[in-house]
Amino acid sequence: MVKFIIVSHQRSGSAFFTTLLNSSPGIHCLRECFLLKEMSPAPEYTFVHFLTRYLPPNIHDIFQLTPAEQNSLFKQHIESYLENIFAERPGIEGIGFKFMYDQIKRFPMALRWMEKNEVYVIHLIRKNTLKTILSWLTRMERGFPHSTAPVSQVKVKVDCKTLKDELHFTGDCIEKNRKDFSSQPHYLEVFYEDLVQFQERELLRIGSFLGIGYLGQLKSDLVKLNSDSIKDIVKNYDELEFTLKDTPFYPLLQDDILISRESSGKKMSESLNDLSVKQRELLTRRLRKKRR
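Throughout the sequence shown, residue numbering follows the working numbering, covering 1 to 292 in sequence.
Where hints are given, some of them may not hold.
What the hints assert, rightly or not - Calculated cross-link-like contacts (lysine-lysine; reagent style DSS-like; alpha-carbon spacing at most 25 Å): (1) 231 <-> 127; (2) 127 <-> 164; (3) 155 <-> 245; (4) 164 <-> 105; (5) 164 <-> 235; (6) 219 <-> 127; (7) 176 <-> 164; (8) 161 <-> 235; (9) 231 <-> 157; (10) 164 <-> 245; (11) 127 <-> 105; (12) 75 <-> 3; (13) 105 <-> 116; (14) 157 <-> 219; (15) 105 <-> 179; (16) 127 <-> 161; (17) 105 <-> 176; (18) 231 <-> 155; (19) 3 <-> 116; (20) 75 <-> 116; (21) 235 <-> 155; (22) 176 <-> 127; (23) 224 <-> 157; (24) 219 <-> 179; (25) 161 <-> 116.
Source of the hints: derived by calculation from the structure; they are not laboratory data.
Work out the full structure: start from the sequences and follow the hints.
Structure below.
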């Protein structure tokens, strides 16, 4: 069984990716296990819920503890928590969860365990960082992050005074995590835009990386919330365009932007996309045999 994490920035398609993987019978992919947020009740798979069994008397959740007390509790029990999360399950070939950039910064001790236990890293990146920011703004406007049913479109006003700083910050976060993880032996970058547009090709690439092979015809139950057109989302689009003009961020205003990959990477992906069903099955058998 392979262990993996999905490393990503908030609002970069990680929920879509997680639900997509979970539609494969051989994959068990949790959401944000290390989300530090007061929820009543906290989902059973979260670290917050796991720690309730170790709380002092008369303390109901970790948010009643001081930061120093919280850190002490984290260090004591994070290894047993990860061992529990990654415990083998009948019929499951891969177990993983989402580990967001801010959570990685809060729980560096988790990475030490992962490095020792050969946890594979899938780095999910949204190429269009402007849409990452707009997704966050529309999420705040709606009051919910995801939906399985169609929703009404909303429009938001962008603070153009801080926008370039936000875009720089988002890009820096991506590059920092790319630098931190790319040297690991089991690291794969997946672009959200490619996952949406070339889903079968990308899923074949991910299945091969995990050593599982063909993952099957996967489907997410989440619906797309925002229009592809930035003009449909932003109230002050003219101001936004003027702000980004003559900056490296101006191309982000192009809808469905695609960033070119190296030709060798394209050829590899295209060849995977052309595989027949029999070839996929053969690839899967070879990968499984290799893992034994």
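Hint numbers contradicted by this structure:
Per hint list: 14, 24 and 25 violated.
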